[in-house]
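**Student:** Taken in order, these protein sequences are the chains called A and B.
Quick note: the first sequence, position 209, residue 209 per the working numbering, numbers continuous.
Quick note: the second sequence, position 56, residue 56 per the working numbering, numbers continuous.
Keep in mind that the hints were calculated from the coordinates and are not lab data.
Treat the hints loosely; a few may be bogus.
As the list claims (entries may be wrong) - So, partial list: chain A residues that the calculated Cβ filter (under 10 Å) puts toward chain B:
1. Met22
2. Thr30
3. Gly202
Said to hold, decoys possible - To list a few chain A residues with every Cβ distance to chain B over 12 Å, as calculated:
4. Glu60
5. Ser105
6. Arg138
7. Phe139
8. Glu141
9. Asp150
10. Thr153
11. Arg262
12. Asp311
13. Arg383
We treat Cβ as the ideally placed atom computed from N, Cα and C, and that holds for glycine.
Protein chains: 2
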Amino acid sequence: MSASRHNGLAARMEDIQSFHVMGILSRARTLESQGRSIIHMEIGEPEFPTPEPVVTAAIEALRAGETHYTPALGLPDLREAIAAYYRQRDGIEVDPQRIIITPGSSGALLLALGVLIDPGDRVLMSDPGYPCNRHFVRFLEGVADGIAVDEETDYQLSAELIERHWQARTRAVMLASPANPTGAVIPEHKLREIVNTVERLGGALIMDEIYHDLVYGQRPRSVLALSDAVFVVNSFSKFFNMTGWRIGWLVAPEDFVSPVDRLAQNIFLAASTPAQHAALKAFGKGTLDILEQHRQALQQRRDYLLPALRDIGFTVGAHPAGAFYIYAGCHRFTQDSQAFCRDLLEQAGVAITPGCDFGQYRAAGHVRFSYTTSMENLEEGVRRLREYLA
Amino acid sequence: MSASRHNGLAARMEDIQSFHVMGILSRARTLESQGRSIIHMEIGEPEFPTPEPVVTAAIEALRAGETHYTPALGLPDLREAIAAYYRQRDGIEVDPQRIIITPGSSGALLLALGVLIDPGDRVLMSDPGYPCNRHFVRFLEGVADGIAVDEETDYQLSAELIERHWQARTRAVMLASPANPTGAVIPEHKLREIVNTVERLGGALIMDEIYHDLVYGQRPRSVLALSDAVFVVNSFSKFFNMTGWRIGWLVAPEDFVSPVDRLAQNIFLAASTPAQHAALKAFGKGTLDILEQHRQALQQRRDYLLPALRDIGFTVGAHPAGAFYIYAGCHRFTQDSQAFCRDLLEQAGVAITPGCDFGQYRAAGHVRFSYTTSMENLEEGVRRLREYLA
């Protein structure tokens, strides 16, 4: 398995790459420090602050001395609160024992793949898709099989694609709905086909639902409504505006809870205690009202940005039904989206992310716009794009 | 590489075990919920609350809206503050660029091993030793070589032991000073021999210094005083009383900083933002004064507990010069330290940890006492031990 070393580095580090968006962000900050105005449409982080009731809960917990380790699986009250949220939101029963509190969805992904993937096992995922997924698989010595997706399947994997690309060593399928970078949502009947197909093929399904509450239109239920045998990754980062707190959760099939507990004990000990106490207030009515306002603000931004980009000359193949991203074809302007993003930042002061951060398929012809910044900033960004690309 | 599966579990999960101490702790809590009084000498977590200036800094940061992601390597100010601490405490210069803020020392260990270890690579470590170390290595498909240590080397690895056990695929050595479970400290001249030997053999040294400030007597300098080519793992958990905040740091050799950054971006995104802001106040005079009082309290407890355990009939081979543990031989009472710990909890209401949590070598003849509880509790624990073992 071991490749030749470069400078004593483990072979996996040849394949685990930085995100280009980090270079864009870093360059944007440099330009800003020189007095340039930059419109940030590159970052996958809502500008909203954490809702006040959540912050207050953290402060009260800190004052009460809640600074010691929790159990590795998390505070029992928080696991119960998440189960109650599934009941209230989607009308589904999830045993709190299956809900594991993690250091962000990153922690959930590491635990799910850690208990599933042997070296050489293959994992199917969409290309384009969330870039960390292939690196998590590589980290654990598995093989990430990126499957090219396009308009035909709304940039999502389908049961048919999964079946066609299944190999003897395929162990798992990773999905996200809504997806990053496209915002595309898998409708429930398609999801049911996927669940059944993966089950029939004897694999595991890992479903990323971190944008699940950020849908603009009819929201499908969690995949947990369809099966108890899937792994669901979720997070307080995106919808709940708690990125910096590093707290998320994993719902695991019953048989996997004990191995996940063992692994979490060893590689994390536990998730942050103040963050867990804060998250207890994430499901209160006061918080959810604030978050619904944020969701509506995001919808308004999407409804503005999508036609504006098309009008400028970008193509948008995936339907951005959720999250806060638009994945846009830039063929009319460039054959090299990386150079295009660099130039756009330098010349026009607009920061966006090149397609190569999300895979290889048609990456040079695509860019991702985040609409996590204010409407005012988006309007200015569109004005600059229009001028620069005219 | 792949072993046969049990119930779809990755093969690594056959080898990654729970800690027995978790079973002891869980049973202790059950007994307490039934009204029993239990003296906790099993947990590796100081009972002290996080110092007030640190808590206040977190509250102020939360009020100021510091809840977004930081760079993957951490807040620049915190990296500078840690460099200043090395300067002030040990008189050594560490480039802040080499200091990486991590989600606890667990995060630091995962990053260090992640950039170093290929499948099949071997890592030397002491037996007994910190149990997660071998599981981290196994997680990454490496092979942990536990080397039996005893009185002859104060339960630490020595240059001679390292050389004797070196194999073609040996890639790294893991040390901890002070060590868990023994509290043994490696004197600087011995450490220098180890550093030179590992360097000559072409391996990497990963040094756990999470108990480095908890030494009762003359404190050696950080291994960073001897070499820039070592990996140092540290944490705000133990000395700084910030266990539940999940924040630590890694000092990496210069050439490894960029790969560590790439890996951290992918598997963690960043450490907790409120915790990073809190940690900025960990090095202030007000905090350090509180922590020095805690250190003195721990020293007083050790000075009480060590002779008391010997008087009862336990043997103590390693010199518990630091941390908050005493690793004690229980040969006079049992051939089976696991059963002994279970019985002690049930019959005498004293919770301690069996040797098997720390390795295999003479594990059935040893137990670990933590002196993280109050002097009053320790005295009651000793009274119960004396009565039960009389």
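**Student:** If a hint holds in the structure, say so; if it doesn't, say that too.
**Tutor:** Going through the hints against the structure:
no., hint, in the structure
1, Met22, "holds, 7 Å"
2, Thr30, "violated, 13 Å"
3, Gly202, "holds, 8 Å"
4, Glu60, "violated, 10 Å"
5, Ser105, "violated, 9 Å"
6, Arg138, "violated, 9 Å"
7, Phe139, "violated, 6 Å"
8, Glu141, "violated, 5 Å"
9, Asp150, "holds, 26 Å"
10, Thr153, "holds, 26 Å"
11, Arg262, "violated, 5 Å"
12, Asp311, "holds, 32 Å"
13, Arg383, "holds, 26 Å"
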